[in-house]
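As you go down the protein sequences, you meet chains F and W in turn.
Read the first sequence against the working numbering and you will find it ends at 96, with the numbers running on by one and no gaps.
Read the second sequence against the working numbering and you will find it ends at 302, with the numbers running on by one and no gaps.
Since the hints were made in silico from the structure, they are not lab data.
Certain hints may be false.
Computed cross-link-like contacts, DSBU-like style, restricted to lysine-lysine with a CA-CA straight-line distance of at most 35 Å [as the list claims (entries may be wrong)]:
| no. | chain 1 | residue 1 | chain 2 | residue 2 |
| --- | --- | --- | --- | --- |
| 1 | W | K296 | F | K18 |
| 2 | F | K18 | W | K187 |
| 3 | F | K80 | W | K190 |
| 4 | W | K190 | W | K294 |
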Amino acid sequence: MTLTTAQIIGLDYDNHWKGDYDWATSFGWPPQWTNANFSGGSYAFVIPANWRVGSGPTNSMTGWNQTHNLSGNGTMSVTKFGHTVSRTIGNSYSGQ
Amino acid sequence: MKELTNAAGCLIILAALRCFGVEDTNVVALGDWSETVANQYGTSVRGRLLMCEYPDHRSTVARSDLGVFVELQEYSSSTGGQVHLYCDFTKDLKCNITDAIGRPPEPVGGGWTGGAPGPQWVTLPAFSSIRLRASAFAGGRLRDGSLGLWFAGAGNWTIKPSDTNHYFLSGTFTSVPGNNTNNFPHTEIWSGTLNLPKMKVPTNTR
Numbered sequence: 001m002t003l004t005t006a007q008i009i010g011l012d013y014d015n016h017w018k019g020d021y022d023w024a025t026s027f028g029w030p031p032q033w034t035n036a037n038f039s040g041g042s043y044a045f046v047i048p049a050n051w052r053v054g055s056g057p058t059n060s061m062t063g064w065n066q067t068h069n070l071s072g073n074g075t076m077s078v079t080k081f082g083h084t085v086s087r088t089i090g091n092s093y094s095g096q
Numbered sequence: 097m098k099e100l101t102n103a104a105g106c107l108i109i110l111a112a113l114r115c116f117g118v119e120d121t122n123v124v125a126l127g128d129w130s131e132t133v134a135n136q137y138g139t140s141v142r143g144r145l146l147m148c149e150y151p152d153h154r155s156t157v158a159r160s161d162l163g164v165f166v167e168l169q170e171y172s173s174s175t176g177g178q179v180h181l182y183c184d185f186t187k188d189l190k191c192n193i194t195d196a197i198g199r200p201p202e203p204v205g206g207g208w209t210g211g212a213p214g215p216q217w218v219t220l221p222a223f224s225s226i227r228l229r230a231s232a233f234a235g236g237r238l239r240d241g242s243l244g245l246w247f248a249g250a251g252n253w254t255i256k257p258s259d260t261n262h263y264f265l266s267g268t269f270t271s272v273p274g275n276n277t278n279n280f281p282h283t284e285i286w287s288g289t290l291n292l293p294k295m296k297v298p299t300n301t302r
């Protein structure tokens, strides 16, 4: 389920990630919510993290989780760093 | 005989040059060019889809990266100019994948996290082209043999290794000028829509 690959991400002068990070996407799930017995489910990406300066040694740091929750009514929510974005089956988005 | 020897020598030299000149990016799929689209001042652009595979030097583990790119080319009917266009693939690129009779791949549930190409101005000097990453920095060839064609806004598809259908990727890219903070001459700003012809997704990537 964890489908990204460990890559080095550059940091800006103010410690922000360079570029258009960080996307959190969930897609392609069959419509379990049409089954009356479906009450929801979830999965989580456990994302480890390391840091380094230039070509220096690699050091460990606390990672983070990205949680995907599919509710019984088909609303998909992705939570990361305390932020949650939800999409209904009608493609209505909320959160940030 | 001497001419033959010289010819053979040239071939060897050319072969050697080619070896040293080979780049490490492998174009594994290439679509046709779109129709050329001009702005009202005659500045023209065309585009096409392609897929490239290359060693991922940014990865912390040895792997190859397989991504979808959009190549844009300055293709005006007169020479001398350059063109500036705003590329926001998160909003203005829409892709579609179907097999020969128009069926999409079977949906495969999944997700991805990480980076993707962000919006930016692109400048094309005359006679020049640029190859822009379109797909997310995740995806490509997956560990289980699937092919992940994932985009930030243009769609997400995962093709299982057991899926033996041939699929075709097509797209539509619309350039909508952002804020012209660079003060580009308005005659050199291109906006419009390119219909990117379908490209066969290679089966040998799965």
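Keeping to a limit of 35 Å between CA atoms, is the pair of K80/F and K190/W held or broken?
26 Å, holds
Given pair status - K187/W, K18/F, alpha carbons within 35 Å
Between K18/F and K187/W the Cα gap is close to 20 Å, so the pair holds against 35 Å.
Proposed proximity, K18/F with K296/W (alpha carbon, max 35 Å):
33 Å, holds
Measure nothing beyond the straight line between the CA atoms of K190/W and K294/W; if it is 35 Å or shorter, mark the hint as holding.
12 Å, holds
In the structure shown, no violation is registered for any of the earlier numbered hints.
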